[in-house]
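Required output: the full structure, derived from the provided sequences and hints.
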Amino acid sequence: MTGIELIVSERIRQLEKEGWTAEHDDAHTDGSLAMAAVCFATPVLIYKLLKVDGETSVIDPWPDGWDKKWDRRYYFPFSPYHSQMVPEPGSYSKQHRIDLLVKAGALIAAEIDRLQRREEVSVYHFRTSDSTGFFEQQKDDLSAIEVSMLPSLARERSRASYEYEWPEPSEVAFEKIATDNPSILEKWMLSGQLSAAHKSLAAEMLGKMGGEGSVETLLRLLDDESPLVREGAICGLAYNLREDVVDRLRRVVGEDPIEGVRDAAKDVLGT
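Here the sequence shown is numbered in the working numbering, starting from 1 and rising by one per residue.
Derived DSS-like pairs (lysine-lysine); straight-line CA-CA distance at most 30 angstroms:
(1) K48 x K208
(2) K51 x K68
(3) K68 x K208
(4) K17 x K68
(5) K17 x K69
(6) K68 x K48
(7) K51 x K208
(8) K69 x K266
(9) K94 x K48
(10) K208 x K266
(11) K94 x K68
(12) K69 x K94
(13) K69 x K51
(14) K266 x K187
Since the hints were made in silico from the structure, they are not lab data.
Structure, rendered in structure tokens:
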């Protein structure tokens with residue numbers, strides 16, 4: 001197979017086996033698809049400069065929040081490297097190098113598709129029924145201002161008829177709302193306005209920030225039709241491993257039809 005044929009085959013595998021659909025990729029608004037591709041494609045070791053409290057250090061640029069199990073620089077059977085140190089690319093076998101380049105090409109294609117789908121301009125509105133308190137914000141200027149309004153709007157609903165549109169779905173928005181008022185995030189997730197990828201990310205944030213009170217919602221999401229949402233619910237439940245949650249995750253391991261979802265449950269259970 002030619003290089004382009006190998007990349008196309010890998011992209012199809014990612015879509016069909018891993019469930020990394022357009023909705024999944026659209027949640028990666030931080031450039032992490034491209035950065036993972038860079039890690040796979042580089043012919044030399046590269047590092048990201050990190051500055052904390054005036055101190056400078058260098059770290060591996062593998063995307064933050066991405067599970068190490070997806071980092072195929074380490075795990076090819078013909079690679080002798082199994083330590084925590086990133087292998088020197090010059091030491092890879094020919095086949096290892098080709099496989100990494102194929103994955104890099106597929107990830108670059110996914111990032112190009114994501115950028116082409118993204119709307120260049122998006123305006124979000126928060127408004128009351130009598131048009132007082134009108135607020136709009138450009139997509140690129142999205143900040144905590146919009147997010148912080150949601151709990152106060154929810155409290156006011158008992159005294160007035162409020163309507164509002166949600167801010168742009170993002171990890172920052174989900175984390176803020178889950179911290180301030182988890183029930184608001186639950187409503188957003190169940191509103192039908194989120195893509196499967198965003199719903200998955202919201203489920204993880206709900207479990208992480210919303211505490212035990214959000215467990216019932218996450219357990220219900222284990223029956224969602226989308227594998228991405230089910231996997232996000234598992235990640236959220238990982239922060240609340242009470243007995244009934246462990247029992248339910250064991251059922252997922254034995255019954256879910258998608259390998260990636262079963263693997264996520266196994267990782268949480270440590271099996």
